[in-house]
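Asks: Spelled out, the chains give:
Number of protein chains: 2
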Amino acid sequence: MVKVALAKGRLEDETFAFFKKCGFRFKERGDRSLIVEDIGQRIQIFIVKPLDVPTYVFNGVADAGICGTDSIVESQFKLVQPMKLPFGKARMVVAGLEGFKPKNGTIHVATKFPVSAKTYFESKGFDVKIIKLHGSVELAPIVGLAPLIVDIVQTGRTLKENGLSILEEVYPISAVVTLNDVAYRIKRTEILSFLERLKRGIEDESPR
Amino acid sequence: MVKVALAKGRLEDETFAFFKKCGFRFKERGDRSLIVEDIGQRIQIFIVKPLDVPTYVFNGVADAGICGTDSIVESQFKLVQPMKLPFGKARMVVAGLEGFKPKNGTIHVATKFPVSAKTYFESKGFDVKIIKLHGSVELAPIVGLAPLIVDIVQTGRTLKENGLSILEEVYPISAVVTLNDVAYRIKRTEILSFLERLKRGIEDESPR
Chain Y
83 MVKVALAKGR LEDETFAFFK KCGFRFKERG DRSLIVEDIG QRIQIFIVKP
133 LDVPTYVFNG VADAGICGTD SIVESQFKLV QPMKLPFGKA RMVVAGLEGF
183 KPKNGTIHVA TKFPVSAKTY FESKGFDVKI IKLHGSVELA PIVGLAPLIV
233 DIVQTGRTLK ENGLSILEEV YPISAVVTLN DVAYRIKRTE ILSFLERLKR
283 GIEDESPR
Chain D
83 MVKVALAKGR LEDETFAFFK KCGFRFKERG DRSLIVEDIG QRIQIFIVKP
133 LDVPTYVFNG VADAGICGTD SIVESQFKLV QPMKLPFGKA RMVVAGLEGF
183 KPKNGTIHVA TKFPVSAKTY FESKGFDVKI IKLHGSVELA PIVGLAPLIV
233 DIVQTGRTLK ENGLSILEEV YPISAVVTLN DVAYRIKRTE ILSFLERLKR
283 GIEDESPR
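Chains as they are written, first to last, in our numbering: chain Y, 83 to 290; chain D, 83 to 290.
A portion of the hints provided could be inaccurate.
It does not matter which identical chain is used: a pair holds within one copy or between any two.
[As the list claims (entries may be wrong)] The list that follows gives simulated cross-link-like pairs (lysine-lysine, PhoX-like), each with its CA atoms no further than 20 angstroms apart:
| # | residue 1 | residue 2 |
| --- | --- | --- |
| 1 | 160 | 214 |
| 2 | 90 | 131 |
| 3 | 131 | 214 |
| 4 | 103 | 281 |
By construction, these hints were calculated from the structure, which means they are not laboratory data.
This is chain Y alone, in the form it adopts within the complex (with noise of 0.2 angstroms):
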């Protein structure tokens, strides 16, 4: 039995369907239940927060995640990700308040993604100063923590009702897989059928 460590929300419900499209069968599931295992007993899901994926991978308790690319770059761990999916589409984006123009010195940058900010703002040559944030990143630049943040939009609607704007696109977002190394050579065989059923379903999804 895979063992798959599952990002919660955004990707959890998109995942599942994609899970029965690639033939993969499961009972109704309880509200609560944060372990879900398919009929046919071929992978075993534990539902954990979307940061929390590569970290359940890298410590090899599952054997592949499925999360978002955000999630991995915040990880900071080198980790194998043989399979983009097709769905979990966003953006890693910088936004601010209409009309913001930056000014020389250190620029104050809100986010739940420091990683990701430090890296895009170190990479174009700013000073950068990151407040990490846990939540309600879009009221910063409004009661003036930082002019700036880095966030992940979806339909930009959140941005939109607080009054900002979409300055630059840091990277784009889908949801991937990734493997423990070492699961991935000692049960070879069942995680490459996994990878199978996978790109079977991904396959069935494209355009003819």
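Once you have looked at the hints, place chain D on chain Y.
Replies: Okay, now just chain D, sitting in the frame of chain Y:
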């Protein structure tokens, strides 16, 4: 007007109920509003993630903050804490699978509260490896990520449902008021009057 950062979630409703007891009046709250003013325009409340309250206060964007002891500890900011509030009681605890016995060597501990966990185990002379998680920490002992967790407990129901027992108390938690020290000097009269109102609210609640 005193700007107050308030911890979203567990403390939010209790704090608004307490504010009403202290004589503050509010309009009906829209579901998604993160900024709320009282009708008398004495306070402006920013509703933010618990762990972000100290960040808003430390950076001077909020004059005062209301959050749990745990958020102050984790922030590692030195903040003035003039007052404990009579709600938000909980405990930071060590928990593990029933019958867990520590072996020699490094203890692995999964937690959302790495500062609290590290400080506690090191103070007891243990060699500890902290595995930082962002949620669903009760899963960690079950799937073998770490035999122990450090987490906040109110009723103990989640622990029990997952076959976990409380092994030690790390510290007791309650809601506290914190202040930005620059704001306290500049807006002294306003902040003192705010604290005075809260004090009256606490006295009203005390058994006579």
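Asks: I'd like to know which numbered hints this structure contradicts. Please list them from smallest to largest.
Replies: Hints that this structure does not satisfy do not exist here, as all of them hold.
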